[in-house]
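Chemist: The chain contents come next:
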Amino acid sequence: VLALVASAALAACGDDDDGSGASGTFTPRTDDTLTVATGFPSAGFWEGTDVDHITGGFEYELALALADRFGLEKLKVVDLPFNKLVAGKAEGFDLALAQVSTTANRAKVVDLSESYLTTPVGVVSRDGLDIPDLAKAREQRWGMAEATTEVDVVKDLVRPEADVRIYPRTADALAGVVNRQIDVAALDYVRAFAEVAERQGIKVAAQITAPQNYAVLLPKGSSNLEAVDSAIRALKRDGTLDDLTENLYDQFDVDVNEVPTIRVTPR
Amino acid sequence: MTAAVLNFTAPHGPAWLFLGVALAMVIGPQVATMVRLPPIIGLLAGGLIIGPQVLGIVTATDTTVSALGQLGLLYLMFSAGAELDLALFSRYRRAAGTFGLMTFAAPMVLGFTAGRLLDYSIAASLLLGSLWASHTLVTYPMVRQAGLSGNRAVATTVGATVITDTLSLIVLAGVAGSVTGESSLVSIIASLLLGLIGLGFYAGWVLPRLARWFFAGPGHEATARFLFLLAALLSAAVFSEMVGIEGIVGAFFAGLGLNRMVPAGSALMERVEFFGSALLVPVFLVSVGVLIKPSVVVQPSTLGLAAVFCAAVIGGKGIAALAARPALGFTSGESGLMFGLSLSQAAATLAATFVGFDIGLFGEQVVNAVLVVILVTLLIAALATARTTERVEPTPAEGDAALGQKLVVVAAREDRLTALAALSRALVEPDGGIVVPLRVTVRSSDVDVNRDFLALVEEVMVKAGLEVHARLRVDSDPVEAAASTAIEDGGTLLLMDWQASSRHQAALAGGRDDDLILAAPVPVVLAALSDAPVTRVVVALDRCDLEPESAADVSAAIEVARRVALASSTRQQLAVGPDDESVTELFAGFGSEVDGQFSNRDDWVAHHARPGDLVVLPAHPDWSLLGPVAVQASAHADVSVLVVADPQRWTGRLAPVERSLGALVGLGGGDASATISWD
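If you read the protein sequences in the order shown, they are chains H and A.
Here the first sequence is numbered in this note's numbering, starting from 2 and rising by one per residue.
Here the second sequence is numbered in this note's numbering, starting from 293 and rising by one per residue.
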């Protein structure tokens, strides 16, 4: 009986059609095309010369997987400013994949899906400076880009003894480390590896255990949110996201488990 | 100002998160009970309140409660498998199997059809059907309270749960495997079937043996045994996932495989139930509640879905219950009772829904609609059960409680404890029963000595892998104490260490020269055991055993012999009795591989018993027909003797029986070295 039931269930599934109402229905703005917004390029996430010549990357592969899941033949990528995306002021796309961390404020103006990637916060220091624990971290002079989630993480959870320094952009904060204006910079974990690979004299010194959850961004009130949520869960379960994450870290040739961990208590 | 002085900050961190969950688990069920809703609804509502939609204590991106919920889900499915009454299923297997298939198939077909009409994929429709095909016996306590737990319809429905839950999980495994796999259909089917076979082997063969070894060796302590179960269920879940099957299927199979190792009413089962009901299962339900979105629930499209789902589940379960009436010969009241019992959707449905959600097959609208259906079915099931219990006459179940469910053991001699433990294990193992070693002392000054001996008995029994719950009693009447213990503890069999010789050590020191068999409410086994391992089990009948009045004793003796033969390594079985047709029929119950030998019992015992034999003799009120041969049998070197009595026939007939029978059971003489007078 068991074998019969299992075989019948599978045989029925084998002839499955595209009916997908149970997991939500995705309606693209352009027929047969998934239009994805991002801030191009982004090391590890969107690789290539321009949006028409993309060679790879975590979020690019994820976009392809989503298009496949929704039964859409084509993928169109549009380059839009990150600030406009997270402020809910951008238009002309179905969804955005731009390393958008989930925050309560962002959720007020845009729809955010289930998280597809969770990373710690990266800490970059000059070569020779080790940050083995929270006590040592507090003794350092910190800097980071304005309006990033790292500002709150450092101020609220690390709580350095000296005031933190806010820079207009992450690149400026990294320059501050090189120029010794500050001792360490906090930034996106994956980007930290990408930046260190391209610059001399700095290293990824630590990771802070404050999970940053990257989510798919959709226009507020989008009817596609349920389908995107279901798709993300499906991609988690079938191992697609695990494979993409492994590839993401592999390209930096670093064992992420060897990076010192600064343990903080989430608030 | 005050806030600044106190350095007051908003509550935050893990303690705040767990406080929210704890409060949801404490308050939710209480409030639900106050408004006459099942506690499960309170837990789901509690999850909603602490979740991102209301208080936000648990955020949308939280992973802690979600991970704990996953553990709770695995535990829930393990408990479902461990707590299923396999003995009941076995006793009513035909009716339970038939009704199980009916109550699985009808809602499955309706649910699948509904899914296809709603334009769901075939995989989603199949999973949807399987949600309604399973059921959870939420209203069973109402039935038990009405005194109907022994009713055939109730037993059939409880037994059918084994079928519905297993088949639903198989469908889930198949659907999930097909959705998350990329291989061809044939390879997926082959992989699933191989996976199920591997899982069945691991959960049904490897785990019980591991458990037996662990319980008999390092796992003496109840805590260690509980942790072993936790590890076992998780290992089965991991194994299951490794072979491409959902972890909850592995957890359920582990529960089934270890079912007999976790006897109902045992201390271990109490722990399993406690951790499940107090912590892990509520956490799972709260984590599901966190997913509820009131804005989605109240949407007309969600409520429309819920209505369709309700029609499928209520219609399907109703059709099955109605069809069971003519097919299995139930009354209309019993049919209604089966409907009420099998309608409730709770644990199994939630578990499968959760997995469907997790693999992206179901969206939040389906999940929220399912939660509405669960609420509706729980309410209707409660109403239907309450109404139909009034229309069904309380009737006893067919057959008595399983013989080995709770064995009360009276040990007397330290050098026979190992043999007594092995015999106890043989007797309780088929029913997954527990052992109650009993020590009675007539003098309170002897308590310490008796407690030490009881501790020794307990240690030996535990080492034999048994679930033990020892009792020490101070009573001026040891016979009454033994009988009372059997009644108070729900004993199903009384086993006494016995020395079949003219002079013997009384099993129950002190007391009167009385008759335990007469006083015992359950069958009694008197065991004169040798040290030699059992190589042959012999049932020996005399012509007096063929009297109709002896049927109960003979039947009990054959059942005891069958169990011992099943547990012994050689399994050689011999039946000795007078040349009579009825003897052949009686021995058929002993086993199919039994050698029959027509012979005079007393002659056979005198001349043919050999070392390694375990001779089983039905007791007889006329001791002169039994006593001498029992003594003669045990006088052989390395021969063990069991005398088995079923007190049914003895009641009211035993007044003139010799005092020697009291001595036989080790109660006579008033001291620890009584003399048996029948010698």
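Hint data in this document are derived by calculation from the structure and do not stem from the laboratory.
Just so it is clear, CB atoms sit at the ideal spot from N, CA and C, and this is done for glycine as well.
Any given hint could be a false lead.
In silico contact screen, one side only, chain H against chain A (beta carbon under 10 angstroms); selected entries [to be verified]:
| hint | residue |
| --- | --- |
| 1 | 214 |
| 2 | 228 |
| 3 | 232 |
| 4 | 239 |
EDC-like mimics (lysine to aspartate or glutamate), calculated; alpha carbons at most 16 angstroms apart, straight line [as the list claims (entries may be wrong)]:
| hint | chain 1 | residue 1 | chain 2 | residue 2 |
| --- | --- | --- | --- | --- |
| 5 | H | 75 | H | 128 |
| 6 | H | 137 | H | 162 |
| 7 | A | 585 | H | 147 |
| 8 | H | 85 | H | 147 |
| 9 | H | 77 | H | 147 |
| 10 | A | 585 | H | 115 |
| 11 | H | 237 | A | 533 |
| 12 | H | 237 | H | 53 |
| 13 | H | 77 | H | 115 |
| 14 | H | 237 | A | 823 |
Chemist: Hint by hint, note whether the structure agrees.
Modeler: Hints, one by one, checked against the model:
Of the supplied interface hints, the one on residue 214/H holds, with its beta-carbon coming within about 5 angstroms of a beta-carbon of chain A, less than 10 angstroms. Below 10 angstroms, beta-carbon pairs count as interface contacts, and residue 228/H has one with chain A at about 7 angstroms; its hint therefore holds. Interface restraint check for residue 232/H: the shortest CB-CB distance to chain A comes to about 6 angstroms, inside 10 angstroms, so the restraint holds. Look at residue 239/H: its Cβ gets to within about 4 angstroms of chain A, closer than 10 angstroms, so that hint holds up.
Using a Cα cut-off of 16 angstroms, the hinted pair residue 75/H and residue 128/H is violated, with the two alpha carbons roughly 45 angstroms apart. About 10 angstroms separates the Cα atoms of residue 137/H and residue 162/H, which keeps this hinted pair within 16 angstroms; it holds. With a C-alpha separation of about 34 angstroms, the suggested pairing of residue 585/A with residue 147/H is violated against the 16 angstroms cut-off. Distance hint between residue 85/H and residue 147/H is fulfilled; the C-alpha atoms sit about 15 angstroms from each other, no more than 16 angstroms.
A hinted pair counts as satisfied when its Cα atoms are at most 16 angstroms apart, and residue 77/H with residue 147/H does not qualify at roughly 30 angstroms. Between residue 585/A and residue 115/H the alpha-carbon distance is near 15 angstroms, which keeps this suggested pair within the 16 angstroms criterion. With a CA separation close to 14 angstroms, the supplied pair residue 237/H and residue 533/A stays within the 16 angstroms bound. For the suggested pair residue 237/H and residue 53/H, the alpha carbons sit about 28 angstroms apart, so the restraint of at most 16 angstroms is broken.
Using a Cα cut-off of 16 angstroms, the hinted pair residue 77/H and residue 115/H is violated, with the two alpha carbons roughly 22 angstroms apart. In summary, the hint linking residue 237/H to residue 823/A is not supported, as the alpha carbons are separated by about 60 angstroms, beyond the 16 angstroms threshold.
Violation of the numbered hints given earlier is confined to hints 5, 7, 9, 12, 13, 14; the remaining hints are satisfied by the structure.
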